[in-house]
Amino acid sequence: MKLLALALIIFFVTACESGLDRLEALATQFSSHRESLNEARQLLLSLAQEENILGIKIGARYNDQTDRVWLHDNSQPKPLAAISLNNPNNKSKLERVFEVARTASLEAIHLDEFGQFRAVAYTGRNYDYGYEFFTRRSAPAPENGAYRPIVGEENWYAFRR
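Those letters in the sequence shown? Residues 1 to 161, by my numbering.
I should point out that these hints are in silico values taken from the structure, not numbers from a laboratory.
For every residue, glycine included, the Cβ atom is placed at its ideal position computed from N, Cα and C.
Each hint should be verified, as a subset may be incorrect.
[To be verified] Ranges of calculated distance between the beta carbons of each label pair, as one might list FRET restraints:
1. 31 / 114: 25 to 33 Å
2. 32 / 87: 28 to 36 Å
3. 83 / 115: 14 to 22 Å
4. 38 / 114: 16 to 24 Å
5. 149 / 91: 33 to 41 Å
6. 75 / 21: 31 to 39 Å
7. 71 / 128: 19 to 27 Å
Modelling step: build the complete structure from the supplied sequences, incorporating the hints.
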(Lines of atoms letter the chains of each structure in order from A and count residues from 1; the text may use other names and numbers.)
(Lines give C-alpha, C1' and ligand atoms only; values in the text may rest on other atoms or scores of the structure.)
Protein backbone atom coordinates (compact mmCIF):
# COMPACT_ATOMS: atom_id res chain seq x y z
CA MET A 1 0.00 0.00 0.00
CA LYS A 2 2.86 2.39 0.84
CA LEU A 3 4.52 1.55 -2.45
CA LEU A 4 1.34 2.37 -4.35
CA ALA A 5 0.98 5.69 -2.50
CA LEU A 6 4.61 6.57 -3.26
CA ALA A 7 4.14 5.70 -6.94
CA LEU A 8 1.05 7.94 -7.12
CA ILE A 9 2.88 10.83 -5.47
CA ILE A 10 5.78 10.51 -7.92
CA PHE A 11 3.37 10.34 -10.85
CA PHE A 12 1.50 13.49 -9.81
CA VAL A 13 4.67 15.46 -9.12
CA THR A 14 6.16 14.60 -12.50
CA ALA A 15 2.86 15.17 -14.30
CA CYS A 16 2.53 18.64 -12.76
CA GLU A 17 6.08 19.57 -13.69
CA SER A 18 5.94 18.26 -17.27
CA GLY A 19 4.50 21.55 -18.59
CA LEU A 20 7.40 23.46 -17.11
CA ASP A 21 9.83 20.89 -18.51
CA ARG A 22 8.41 21.41 -21.98
CA LEU A 23 8.90 25.17 -21.64
CA GLU A 24 12.51 24.62 -20.63
CA ALA A 25 13.03 22.21 -23.52
CA LEU A 26 11.61 24.73 -25.98
CA ALA A 27 13.81 27.48 -24.55
CA THR A 28 16.94 25.36 -24.90
CA GLN A 29 16.02 24.17 -28.43
CA PHE A 30 15.41 27.70 -29.70
CA SER A 31 18.84 28.13 -31.28
CA SER A 32 18.12 25.32 -33.76
CA HIS A 33 14.88 27.08 -34.83
CA ARG A 34 16.00 30.74 -34.68
CA GLU A 35 16.48 31.24 -38.42
CA SER A 36 13.25 29.47 -39.36
CA LEU A 37 11.20 31.40 -36.80
CA ASN A 38 12.63 34.74 -37.88
CA GLU A 39 12.01 33.92 -41.54
CA ALA A 40 8.43 32.77 -40.83
CA ARG A 41 7.80 35.95 -38.86
CA GLN A 42 9.08 38.20 -41.67
CA LEU A 43 7.12 36.31 -44.33
CA LEU A 44 3.90 36.44 -42.31
CA LEU A 45 4.32 40.16 -41.58
CA SER A 46 4.69 40.76 -45.31
CA LEU A 47 1.67 38.57 -46.15
CA ALA A 48 -0.40 40.33 -43.50
CA GLN A 49 0.33 43.72 -45.08
CA GLU A 50 -0.13 42.66 -48.67
CA GLU A 51 -2.80 39.94 -48.48
CA ASN A 52 -4.47 40.26 -45.04
CA ILE A 53 -3.17 36.79 -44.11
CA LEU A 54 -2.72 36.60 -40.35
CA GLY A 55 -1.71 32.99 -39.93
CA ILE A 56 -1.41 29.46 -41.18
CA LYS A 57 -2.33 26.07 -39.76
CA ILE A 58 -0.39 23.08 -40.99
CA GLY A 59 -2.59 20.20 -42.11
CA ALA A 60 -2.24 16.94 -40.25
CA ARG A 61 -0.51 14.27 -42.30
CA TYR A 62 -2.23 11.42 -40.48
CA ASN A 63 -5.83 12.39 -41.29
CA ASP A 64 -5.63 14.23 -44.63
CA GLN A 65 -6.54 17.54 -43.03
CA THR A 66 -5.55 20.29 -45.46
CA ASP A 67 -3.33 23.29 -44.85
CA ARG A 68 -5.39 26.32 -43.82
CA VAL A 69 -5.00 30.08 -43.74
CA TRP A 70 -6.38 32.69 -41.33
CA LEU A 71 -7.45 35.90 -43.00
CA HIS A 72 -7.91 39.24 -41.26
CA ASP A 73 -11.66 39.25 -41.86
CA ASN A 74 -12.60 35.81 -40.47
CA SER A 75 -12.09 33.78 -37.33
CA GLN A 76 -12.09 30.33 -38.93
CA PRO A 77 -9.15 29.29 -41.10
CA LYS A 78 -9.94 28.68 -44.77
CA PRO A 79 -8.41 25.83 -46.78
CA LEU A 80 -5.31 26.96 -48.64
CA ALA A 81 -6.90 26.00 -51.96
CA ALA A 82 -9.76 28.47 -51.32
CA ILE A 83 -7.45 31.48 -50.95
CA SER A 84 -7.08 33.93 -53.81
CA LEU A 85 -4.19 36.35 -53.61
CA ASN A 86 -4.21 40.01 -54.63
CA ASN A 87 -0.67 39.71 -55.95
CA PRO A 88 0.19 36.39 -57.67
CA ASN A 89 3.86 36.91 -56.70
CA ASN A 90 2.88 36.34 -53.05
CA LYS A 91 2.10 32.70 -53.81
CA SER A 92 5.79 31.88 -53.41
CA LYS A 93 5.86 33.67 -50.02
CA LEU A 94 2.84 31.71 -48.85
CA GLU A 95 4.35 28.42 -50.04
CA ARG A 96 7.62 29.31 -48.33
CA VAL A 97 5.97 30.11 -45.00
CA PHE A 98 4.31 26.66 -45.03
CA GLU A 99 7.63 25.04 -45.92
CA VAL A 100 9.46 26.88 -43.12
CA ALA A 101 6.75 25.98 -40.60
CA ARG A 102 6.93 22.29 -41.54
CA THR A 103 10.74 22.29 -41.37
CA ALA A 104 10.59 23.78 -37.86
CA SER A 105 7.90 21.22 -36.87
CA LEU A 106 5.35 23.92 -36.14
CA GLU A 107 1.62 23.29 -36.09
CA ALA A 108 0.58 26.91 -36.66
CA ILE A 109 1.90 30.44 -36.83
CA HIS A 110 -0.21 33.50 -36.24
CA LEU A 111 -0.19 37.27 -35.86
CA ASP A 112 -2.70 38.81 -33.49
CA GLU A 113 -4.46 42.13 -34.12
CA PHE A 114 -1.42 44.00 -32.75
CA GLY A 115 1.11 42.17 -34.93
CA GLN A 116 2.29 39.91 -32.09
CA PHE A 117 3.89 36.78 -33.64
CA ARG A 118 3.20 33.33 -32.17
CA ALA A 119 4.52 29.98 -33.41
CA VAL A 120 2.77 26.91 -31.97
CA ALA A 121 4.99 23.85 -31.72
CA TYR A 122 2.71 21.57 -29.68
CA THR A 123 -1.02 21.58 -29.13
CA GLY A 124 -2.72 19.71 -26.39
CA ARG A 125 -6.05 19.37 -24.71
CA ASN A 126 -5.29 22.00 -22.08
CA TYR A 127 -2.27 23.94 -23.34
CA ASP A 128 -0.43 24.99 -26.47
CA TYR A 129 3.34 25.39 -26.41
CA GLY A 130 5.63 27.31 -28.69
CA TYR A 131 7.48 30.55 -29.25
CA GLU A 132 6.33 34.14 -29.15
CA PHE A 133 8.06 37.30 -30.32
CA PHE A 134 7.51 40.41 -28.19
CA THR A 135 8.58 43.97 -28.67
CA ARG A 136 9.99 45.64 -25.55
CA ARG A 137 6.69 47.40 -24.91
CA SER A 138 4.63 44.23 -25.13
CA ALA A 139 6.93 41.78 -23.30
CA PRO A 140 5.21 39.43 -20.84
CA ALA A 141 5.31 40.19 -17.13
CA PRO A 142 8.16 38.28 -15.44
CA GLU A 143 5.81 36.83 -12.84
CA ASN A 144 3.75 35.10 -15.52
CA GLY A 145 4.93 31.47 -15.30
CA ALA A 146 3.60 30.68 -18.77
CA TYR A 147 6.62 32.33 -20.42
CA ARG A 148 10.32 31.51 -20.36
CA PRO A 149 12.77 34.03 -21.81
CA ILE A 150 15.16 32.63 -24.38
CA VAL A 151 18.70 33.17 -23.14
CA GLY A 152 20.59 35.53 -25.42
CA GLU A 153 17.45 36.67 -27.25
CA GLU A 154 15.91 40.03 -26.58
CA ASN A 155 12.43 39.45 -27.96
CA TRP A 156 11.79 35.70 -28.06
CA TYR A 157 10.06 33.66 -25.35
CA ALA A 158 8.89 30.09 -25.02
CA PHE A 159 5.22 30.00 -23.99
CA ARG A 160 2.53 27.77 -22.55
CA ARG A 161 -0.96 29.05 -23.20
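A quick look at each hint next to the structure:
1. 31 / 114: 25 to 33 Å: Given a distance of about 27 Å, which is inside 25 to 33 Å, the answer is holds.
2. 32 / 87: 28 to 36 Å: 33 Å Cβ-Cβ, so the 28 to 36 Å window holds.
3. 83 / 115: 14 to 22 Å: holds (21 Å)
4. 38 / 114: 16 to 24 Å: This hint holds: roughly 19 Å between Cβ atoms.
5. 149 / 91: 33 to 41 Å: Between residue 149 and residue 91, where Cβ atoms are some 36 Å apart, the hint holds.
6. 75 / 21: 31 to 39 Å: holds (32 Å)
7. 71 / 128: 19 to 27 Å: holds (21 Å)
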